[in-house]
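K.L.:
In order, the protein sequence lines correspond to chains R and L. When you read off a place in the first sequence, starting at 1, and then add 856, the result is the number in the numbering used here. When you read off a place in the second sequence, starting at 1, and then add 856, the result is the number in the numbering used here.
Everything labelled a hint here was simulated from the structure, so no lab data went into it. For each residue, glycine too, the CB sits at the ideal point set by N, CA and C. Where hints are given, some of them may not hold.
Unchecked claim - Which stretches of chain R does chain L cover? Using the computed rule of at least three CB atoms under 8 Å from a CB of chain L, they are:
1. 896-907
2. 1151-1164
3. 1283-1291
These are the residues of each chain, in order.
2 protein chains.
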Amino acid sequence: MKFLIIGGDAAGMSAASKAKRLNPDIDVTVLEMTQDVSYSACGMPYHIADPQRDMDELIVRKAEVFREKNKINLLTGHMATKIDPGAKCVEGVRLPGKEPFSFEYDKLLIATGAEPSKPAVPGIDHPDVMVLKNLEQGKRIRHHLDTHPVKTAAIMGMGYIALEMSEAFVKRGIHTILVKPGDTFLPWMKKDLADVVLEEVTSHGIEVHAGCKVNEIRKEEDGFHLVCDDQTLCADLLLVATGVNPLSRMASDAGLETGPSGAISVDEYLMTSDEHIYAAGDCADAINIITGKKSWIPLALRANRAGWAVADHLCGEPVALPGICGTSVFKVLDLEVARTGLNEKEAQTANFSPVEVTVKTRSMAHGQPGSTPIYVSMVADKTSDRLLGVQMVGKKGVAHRINAAAVALSAKMTVAQFFQTDLAYAPPFGPVWDPLLTAANQLLKKL
Amino acid sequence: MKFLIIGGDAAGMSAASKAKRLNPDIDVTVLEMTQDVSYSACGMPYHIADPQRDMDELIVRKAEVFREKNKINLLTGHMATKIDPGAKCVEGVRLPGKEPFSFEYDKLLIATGAEPSKPAVPGIDHPDVMVLKNLEQGKRIRHHLDTHPVKTAAIMGMGYIALEMSEAFVKRGIHTILVKPGDTFLPWMKKDLADVVLEEVTSHGIEVHAGCKVNEIRKEEDGFHLVCDDQTLCADLLLVATGVNPLSRMASDAGLETGPSGAISVDEYLMTSDEHIYAAGDCADAINIITGKKSWIPLALRANRAGWAVADHLCGEPVALPGICGTSVFKVLDLEVARTGLNEKEAQTANFSPVEVTVKTRSMAHGQPGSTPIYVSMVADKTSDRLLGVQMVGKKGVAHRINAAAVALSAKMTVAQFFQTDLAYAPPFGPVWDPLLTAANQLLKKL
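Based on the provided sequences and hints, a complete structural model is requested.
P.N.:
Right, dumping it as structure tokens:
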């Protein structure tokens, strides 16, 4: 069987490796546009931050290993451009020379991922404007910092990549400016919690310009000029981190169904609307476990898991993926910021009757020195008493705590059920009543 | 209504406070033997460790506050000695003078807790032998360390209190000896994981004598002599930390049913076999959620929760407690050690068909410096595919991670369901595949 994969990142290489593990007779070919496969993309900000770290440390497995050990026909520098579902064939060009190629398949996996979405601002396509999605782009930023005296960096966007990169710049002693048109910092987050993050960011000297639309980007001799309505922001380096879009054009051109945000529609086995084509990773959608509806939340665990599930299905050992809760965590400076499930607004949109509570508790038991505040926002449905979502912010004890709530969401627990779960306690790690239980208890009073 | 409570610790004071909150008209009397109520008993080792910390910092709420603000008739120095369920009356004596008292009740809560269990070794009752259960005993140890040049401390026992106290002694520069008759260090723990803890303990210079029965304790001028078969261990201070027994004698003398380990039998509302008497906290048993059977695992969260549930039931707002998973965590030196649910042997005893897997993963994503190993042992039932228990050891990322597994146990998830949960990922906090998911994936292969 010819199993062809477009894209050699998390989903693509997970599917390729697992298919070969399950059935060594399958002929697996991967078309990867760049020269890099299997690296920790999410780790790039931390390596960019530290001149002592080699960006190549992020490579989990080298291309040669996939080729020699895993017997995968891994073709880097191969850019697919067209899928012909009728002929079961993928066309493309070899880079940099653009020699055309064509591959037939029995089964195809589209794992093209996502691409940075750039707002339509004049000047944004200037070749010196940086983005951060793949390793090449990460290396470019790092090289630039290593070889240029960057005093000020501007970042368009305030999502988690923008915040992680602002930390990286601060660590390198670079004055950092965050700018975006929307006037709410972390709009998806409960304001009380978002304010804690904002305070952390500004207290480290980062300039936050929310509600500031960049009308034009000019690259002058002295650097970038970001022309806004009331002011012009200047920086030696400009990073655009205004989110990503799914790379699904090739799929929709081939007639495959797409869903939320234009991501490729897949079922619980990652099958698209064409029975010979799978899609997985950041280019594909997923069932949101809480709403039961399709959603597009591109994250690394889902990509890896979806890649495996494609191989499982392909090899006759299907595993249905129940979907995602949208669990995520990021670090910004000394804070851990995490969420799972829906916020109030998302719950409303999904036709729940949301009730929310915000509590401030502590990272350690009473009397333990070094305890720091933990903020929890918890949302439930007044009609069903179901837990719908949790957000947390704190200096310690947030990143892994969120997983207890994520499991509760997967199990579709009510708040009362979650409140009765038997969580761990020891003074150095938290209060007797875990912050999640304290929040659940307060929320119960509103249900 | 006259609500009488024997014991002013976690369960007793939780019940007292919540009953007053729910119904200020209830007449609440608490009989507490010692002078201390509402303190963080679990925090004592950390305060004993640090000469700069005041032990009274551990007091969460002072007796006067309960009396004046909460309007609880809190009687310290009152030792109950007899329950008369027929007359609905409790007798006892005031300390230190031993004047007799007698209180009638409409509803009684027995929250007498547990007491250190001492092995029958000649000399163990010497007044200089220390135990650590209540604040008075904690203060005594601390005062001794502050006022005596203790060079060597011996601890009989190797449970979590023994280990937490060995850390406290090491932090004070005291050479520490752990001794117990059983030859397995942490016998409830998978050997691979127990070995990691043992290595941590011995690498800090702590002497571990497992399989060493103390036949006699002699207090000489130069300190304690612990006479064993093959050797005599000498120490300036001796702490006995060989576990606890439920303080249920008064209850069984009154004809109340008792269950595992002699703990007072209660239903999901904490009702004993007498309809006017509740029991809660370390003196009472609980349903084990995994086995569905009664078990006795005295821990702080359950005590607090059970106290609240007594008040809820008493005030006509009953909340049934589903039970416990036996989730616990402790810190020893630089390690976090956690468990939830059953180990292989317990699973066998409960008539499951246990399958176990042990994995070694990492606390951070690939390429992140400072990552440390995390060891996970996971047990499932081969017949039902149900997750039965998890143990974890690591320098970081263990204490809160265990809660995800605890919630999965509460939800009675299969390993396959747990493996599909959407857990958080960011490079500073873990690998893409959380250690728990990696263990679940390996375990799935054995099911």
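K.L.:
Verify the coverage statement for the stretch 896-907 of chain R against chain L, using a C-beta to C-beta distance below 8 Å and requiring 3 or more qualifying residues.
P.N.:
holds (count 5)
K.L.:
Can you take a look at whether the stretch 1283-1291 of chain R is actually covered by chain L? Rule is 3+ residues, C-beta closer than 8 Å.
P.N.:
Since three or more residues must qualify, the claim that chain L covers the stretch 1283-1291 of chain R holds, with 7 doing so at under 8 Å.
K.L.:
Are there three or more residues in the stretch 1151-1164 of chain R whose C-beta lies within less than 8 Å of some C-beta in chain L?
P.N.:
holds (count 6)
Violated hints are absent here; each numbered hint is respected by the structure.
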